[in-house]
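Those protein sequence lines, which keep their order, are chains C and L.
Throughout the first sequence, residue numbering follows the working numbering, covering 23 to 218 in sequence.
Throughout the second sequence, residue numbering follows the working numbering, covering 128 to 322 in sequence.
Be careful, since some hints might not be right.
To be verified - Heads up, incomplete: computed chain C residues facing chain L, CB under 10 Å, no partners named:
id, residue
1, Leu151
2, Leu153
3, Ser155
4, Thr160
5, Arg169
Bear in mind the hints are in silico, worked out from the structure with no lab data behind them.
Every value quoted in this text rests on a predicted model; they were computed, and no experiment measured them.
Quick reminder that beta carbons are idealized off the backbone N, C-alpha and C, glycines included.
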Amino acid sequence: MRSKFTKFLAVPVLALALSACGINSVPTAEEQAKAKWADVESTYQRRADLIPNLVETVKGFAAQEQDTLTAVVEARAKATSIQVSADDLGDASKIQEFAAAQGAVSQGLGRLLATVEAYPDLKSNQNFLALQSQLEGTENRINVARRDYNEAVREYNTTIRTFPDIIGAKIIHGAEPMAPFAATTEGADEAPTVAF
Amino acid sequence: MIVSRLSLLNSGAIASLLVVGCTDATAPTDGQSPNVAEAAVQLTGRVVDQAGLLNDKVEKILTKRLASLEREAGPQFVIVTTNSLNGVDIAEYSVNLGRRWAIGHSERDDGVILLVAPNERKVRIAVGYGLEGSLTDPFCAKVIRENILPAFENGKMEEGIISGADSLIAKMRMSPTIKLNDNESPLTLKEKQAS
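Sequences are here, hints too, so could you generate the full structure?
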């Protein structure tokens, strides 16, 4: 009776032992982090997509804010030119460059929205209100996506440094740690404050 | 079953809620550990009135409406009032709640939370990814601006919550996330309940 029981257990135990050395857990954690990075990029892209419309709308009411508008357009152009591919997630400097460019967009938008305060007609314009809410919603999506990415990176980095997964990570996968997303400027990651 | 877009990272259930709209333009506050902050609120039902803004009758009526919404259209909608956000940004707080409670169906990601923090004077609508098509940011912002805030500003918290919830429910009913079986139309379901 006892021996039968042991045999019965042997298969799952073996599978457990194999899976415990990182053969599966390392790539799983890696793919997870990469997928979360894709979310980060797509939420930033979503924000970038809103900007031309926002700029047009603001221009209609506040053409004299040309400098602020131009700054946003330029920051957007620069930010959209910087992409970090999933294979470069170990390169902290690339992520930092991405973060800095996006941070510049956040600051530009923050300034733009602050100027809007001076234009009551713009503030109550339906099109502007819709864009403003989308922008704010997108800033939230960005924060959530970044938080999720950082969490996934933390888990991946822990996985590849912890026994026994470290065996598979080193020998089979040659896994390198990934870099979290850190805001470069104080407050650059914060959503522009939107008054409702 | 409550699983929503808000769920934890690894649980397979998805999550992410987005949040739309907040009253007042105070600067975002720095959060402490978010998991601790919102742990004070427990998921006790479809209406979690920790701040005590709703009388029992209203709570019952809302609970009924939320239940039939889920049964007939799919989305799982939870209304929450909280005494304190504990210094956490309301957007983050509401998303954390939704994830922790796993509001919405895990695959459809169709959870929604209407969060009211009367002491901080903030309101938030957190929407699961699966509902982004119907509860868009502009729509949610409009509900807050036109249905909820005017009542709140007059001190009529119940009225604002009911009006906001009704607008959200009506919108979600227009694009159900589930298909009813041929023999299970909303009407037949109603008959079933009645019998």
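Against the structure, the hints come out as follows:
The restraint placing Leu151/C at the interface with chain L holds, with a minimum CB-CB distance near 7 Å, inside the 10 Å limit. For Leu153/C, the suggested interface contact is upheld, since its CB lies about 8 Å from the closest CB of chain L, less than 10 Å. Hint status for Ser155/C: holds, given a least beta-carbon distance of 3 Å to chain L, under 10 Å. The beta carbon of Thr160/C comes within 8 Å of a beta carbon in chain L, closer than 10 Å, and the hint placing it at the interface holds.
Annotation: Arg169/C was flagged as interfacial toward chain L, and the flag holds, the nearest CB pair being 8 Å apart, inside 10 Å.
Comparing the model with each earlier hint shows no violations; every hint is respected.
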